[in-house]
Amino acid sequence: MSASVKTANLGLSAWIGSDKPTRLDFVNDNQKLDTAVGNHINSTAVHLSDSDRERLETPYVVGYYGGNGINNRSITLDFEPKAVFVYKKNSGSVTKDTSGNLLMNSGMAIAMHNGINGVAVSGNNITVGQTGTAVDGVLFNLNASGSQYAYIAFK
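Using the working numbering, read the sequence shown as starting at 2 and increasing by one per residue.
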C-alpha cells in the first residue's frame, strides 16, 4: 500500500504507521527528487551560467594597439562587447593639428548603436577610424601611424 499521506511540495511519501511501503514507492520518490534537484541545478534562472559568471568576475578587458594609419582598422576580441572606449595614449581627448582642425583622440561605442568619434562595435569587432581629410574641421585620430592606443571593452 502506498503512503496515505504525501508531502506538500514534491508529493513524496509521508508514511504513517498503518502504511506498507513498497519498492516502487521508493523508486517513485527518488525519481521525483532527482527531477526536482536536477531542474534546480540546471536552471539558469536560479544559477549563473558560465558566461554570466565570467562577465561578473572579469567585466571588462583592457587592450593596446599601435596605430598603422589605416582609415578603418578592425580589432577582433574573443567576446562581443557591450561598450568600448578607445583613447590615444599620452594625449588629450581632443587636440588641434597645425591647421587648427580638431583631432578626436578618443571615442566610444555601444553595441547596437552608432559609435562616437570614430569608434564602432559590431559583433566581436571594434572598428577605429583615422581620417586624412577634415570634415567640418574635425579629424578622427584613432589609428595614426606610430601612435599608441588603449581600449577598454566591457562585456
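Just so you know, these hints were derived from the structure itself, not from any lab. Only a predicted model underlies this, so the values are computations on that prediction, with no experimental measurement involved. Think of the CB as a built atom: it goes at the ideal place given N, C-alpha and C, for glycine as much as any other residue. Be aware that a few hints might be false.
Calculated pairs, DSS-like style, for lysine-lysine (alpha carbon to alpha carbon, straight line, at most 25 Å) [as the list claims (entries may be wrong)]: (1) Lys83 x Lys97; (2) Lys33 x Lys21; (3) Lys21 x Lys83.
Simulated DEER-style distance windows between Cβ atoms [claimed, not checked]: (4) Thr77 x Leu49: 35 to 45 Å; (5) Asp20 x Phe155: 19 to 29 Å; (6) Asp51 x Ala135: 43 to 53 Å; (7) Thr77 x Val28: 47 to 57 Å; (8) Gly18 x Gly39: 51 to 61 Å; (9) Asn126 x Leu34: 14 to 24 Å; (10) His48 x Asn10: 11 to 21 Å; (11) Leu25 x Thr59: 46 to 56 Å; (12) Lys7 x Gly39: 19 to 29 Å.
Hint by hint, here is what the structure shows:
Of the supplied pair hints, the one linking Lys83 and Lys97 is violated, its CA atoms being roughly 30 Å apart against a limit of 25 Å. A hinted pair counts as satisfied when its Cα atoms are at most 25 Å apart, and Lys33 with Lys21 qualifies at roughly 20 Å. Annotation: proposed proximity of Lys21 to Lys83 is violated, straight-line Cα distance about 60 Å (limit 25 Å). For the pair Thr77 and Leu49, the beta carbons lie near 26 Å from each other, so the given range of 35 to 45 Å is not met.
A C-beta distance of roughly 59 Å is found between Asp20 and Phe155, which places it outside the suggested range of 19 to 29 Å. Checked against the given bound of 43 to 53 Å, the beta carbons of Asp51 and Ala135, roughly 47 Å apart, stay inside it. Between Thr77 and Val28 the beta carbon distance is about 53 Å. The supplied range of 47 to 57 Å therefore holds. Between Gly18 and Gly39 the Cβ separation comes to about 32 Å, which falls outside the hinted range of 51 to 61 Å.
Separated by about 47 Å at the C-beta atoms, Asn126 and Leu34 break the suggested range of 14 to 24 Å. Roughly 19 Å separates the CB atoms of His48 and Asn10, a value that falls within the hinted 11 to 21 Å. Between Leu25 and Thr59 the CB atoms are about 50 Å apart, so this pair conforms to the stated range of 46 to 56 Å. Between Lys7 and Gly39 the beta carbons are some 20 Å apart, a value that agrees with the proposed interval 19 to 29 Å.
When held up to the earlier numbered hints, the structure conflicts with 1, 3, 4, 5, 8, 9 and fits the remainder.
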